[in-house]
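Protein chains: 2
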Amino acid sequence: MAEKVKKISALKEKEGISQPETLNREVVKQLQSSKKKELSIDELVSGILDQNQATLSRAITIIESTAQKHQQQAKSIIDNCLPHANRSIRIGITGVPGVGKSTFIESFGKLLISEGKKVAVLTVDPSSSISKGSILGDKTRMEKLVKEKNAFIRPSASGDTLGGVARKTRETIILCEAAGFDVILIETVGVGQSETAVHSMTDFFLLLKLAGAGDELQGIKRGIMEMADSIVINKADGENLKAAKIAKNEFNRALHLYPAKESGWAPKTILCSALKNEGIAEIWEVVSDYFETVKSNGYFQHKRKEQNKFWLMQTIESRLKSEFYANPLVKVELEKQLLALDKNKTTPFEAAEKLLSMKN
Amino acid sequence: MAEKVKKISALKEKEGISQPETLNREVVKQLQSSKKKELSIDELVSGILDQNQATLSRAITIIESTAQKHQQQAKSIIDNCLPHANRSIRIGITGVPGVGKSTFIESFGKLLISEGKKVAVLTVDPSSSISKGSILGDKTRMEKLVKEKNAFIRPSASGDTLGGVARKTRETIILCEAAGFDVILIETVGVGQSETAVHSMTDFFLLLKLAGAGDELQGIKRGIMEMADSIVINKADGENLKAAKIAKNEFNRALHLYPAKESGWAPKTILCSALKNEGIAEIWEVVSDYFETVKSNGYFQHKRKEQNKFWLMQTIESRLKSEFYANPLVKVELEKQLLALDKNKTTPFEAAEKLLSMKN
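Residue numbers (numbering that gives the first Met the number 0), protein chains in the order written: chain A, 0 to 359; chain B, 0 to 359.
I should point out that these hints are in silico values taken from the structure, not numbers from a laboratory.
Cβ coordinates follow ideal geometry from the N, Cα and C atoms, glycine included.
No incorrect hints appear here.
FRET-style restraints, in silico, Cβ to Cβ: (1) H69/A <-> K344/B: 18 to 28 angstroms; (2) G297/A <-> A53/B: 54 to 64 angstroms; (3) E305/A <-> L328/B: 20 to 30 angstroms; (4) A325/A <-> E277/B: 54 to 64 angstroms; (5) E334/A <-> A53/B: 38 to 48 angstroms; (6) L110/A <-> K244/B: 42 to 52 angstroms; (7) G97/A <-> L328/B: 49 to 59 angstroms; (8) K353/A <-> T65/B: 15 to 25 angstroms; (9) E225/B <-> E322/A: 29 to 39 angstroms.
Distance condition first, Cα-Cα at most 16 angstroms in a straight line; then the derived EDC-like pairs of lysine to aspartate or glutamate: (10) K308/B <-> E349/A; (11) K304/B <-> E261/B; (12) K109/B <-> E147/B; (13) K304/B <-> D341/A; (14) K74/B <-> E63/B; (15) K116/A <-> E147/A; (16) K358/A <-> E316/B; (17) K148/B <-> D181/B; (18) K330/B <-> E352/B; (19) K358/A <-> E332/A; (20) K353/A <-> D78/B; (21) K308/B <-> E352/A; (22) K320/A <-> E316/B; (23) K320/A <-> E352/B; (24) K308/A <-> E352/B; (25) K308/B <-> D341/A; (26) K342/B <-> E305/A; (27) K320/B <-> E316/A; (28) K304/A <-> E261/A; (29) K109/A <-> E277/A; (30) K353/A <-> E316/B; (31) K247/A <-> D236/A; (32) K358/B <-> E322/B; (33) K342/A <-> D78/B.
Whenever a hint applies, use it, and build me the whole structure from the sequences.
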């Protein structure tokens, strides 16, 4: 049909050179045959424990799936991985687009690998579903790191809600830890609410900044600085170096104004040039210092426990709400109460009581 | 007993002049007799509608009470006042301690009264229960305003939660409106979460600042500036005037960096000296401009509807949570699940599911 319509179009192109096929039939065949070979839970789990990255990827895909049958599988995989998890250090990395997060993670990741670490890189980017924006959550941004056999890069889980994305990321962390990764880097873009979520699932929170631009210009929210365990001023090279040194002093002054952290750790500002690979070793030293401090003073375990509680409460709250509003009686009454509210015939508190009485 | 101990104290004062009684027996008698005369709902409501401030005060006390019998009375009073409410303009005023909120409210309130308005001043200060701090939420701070017959000043409702305090304040607004107050000023201290609550119950949000001090030094959160419909730089007199003018330009520049407001209103920075009564008339002009703008473009009604929805949802959420955690089965299981979490035998998400299954 489309072909026929085209033939009468005034815009018809000269025929003669046929367009290349957009599908590679050979690849499709391979994909289809590999799809058929579904792995059992046992095979998936032992693959993960054997540090097989392909199996790890497939297991993560199951976790990310919203299909009913996958959810039961996901639960079994996680249950089997849990005894082997929780042995990594988890580092959150945030900063606005353009600050050089990918380049930084490449340099930092390569250093860690050269020290014998296994590094997993995950991204949390719910912005595509929430604010319609997006970071380039893609392996192709980290060309060098992706070639390392001890590196595993997984782009953002997708989902309708930040809560959903966060859950999948948390579960992916467990799988990566079971697969023997020592360091989990979790990247997020420093706008919106995702950095609060990432802060709540990592041990160390690193904020990347640039010299010169004010907070408003960098689009970063003020609260983020308070979360940071370290501020890294990237692109501190060449002509930028002077401004970066000034910024370092300013940030250090600003950090002093915040109340002391429960961790007993005093956040530090560090200069680096990820592109020129300068300052990266110093950052790793600071991060190592941090982990030495919090592991010896007990804060490390304490924080992980608090994070578990936080996610437990969060999950319960969001489910209580979604179940309540899904109740057909509540749906009908909600319309009525909103109308009464609009006409000032009730107060929000009376309306809430009326709605809550529908529940039981 | 205390008397006896005192007699052997080396610090004992010379006797001879007896201390004045700390209780005025006559006043106590009056108070006791007035306590006996409990007013009926009808008497309370007609007193409010007759603009009797003593009756209004008694009704607010019933609303603030946590006693069971008062809660039913409160509901009836509010129901009867609702048809006469919603006719005022509600202005939120925030700023850190020391910025001069009381002096400002005195000057501003007196101007409004001179223009024939009736002015109610309420304070929201949950800090005493949450952060153990407190502002001086007291009539005595506004000596001049308190003498005006068209002014009504009511210190902060107390409560365990910000939600509880906010509810009582929202209900007090209804009563004040039914009592014929045209302008409701709601004061809060610009730290913590109370200004978000106040922002969610007012039409216009005014942020008081001082020149010279940075945001960190003023202890105010960055998000507050985004909420402001106007920034007023107080104490812009004498030696401060030059710095205040510079600050005005800076704030105006900063305000431009925020995205345009849904109200179609561009926030303005104004200089004033509440103490010297300078700039107060200009502020009232700006506020009046605002209400003209938002009443003609429909945002005024829209915002009140959204606020009603916000408080409806807030109330439902907090009740769903408190009921869930009060469930004895949940309490027992929560302990178990937290233990399992601490031992990494479960994930927060699995634990949440287990707990949620207790509910039904």
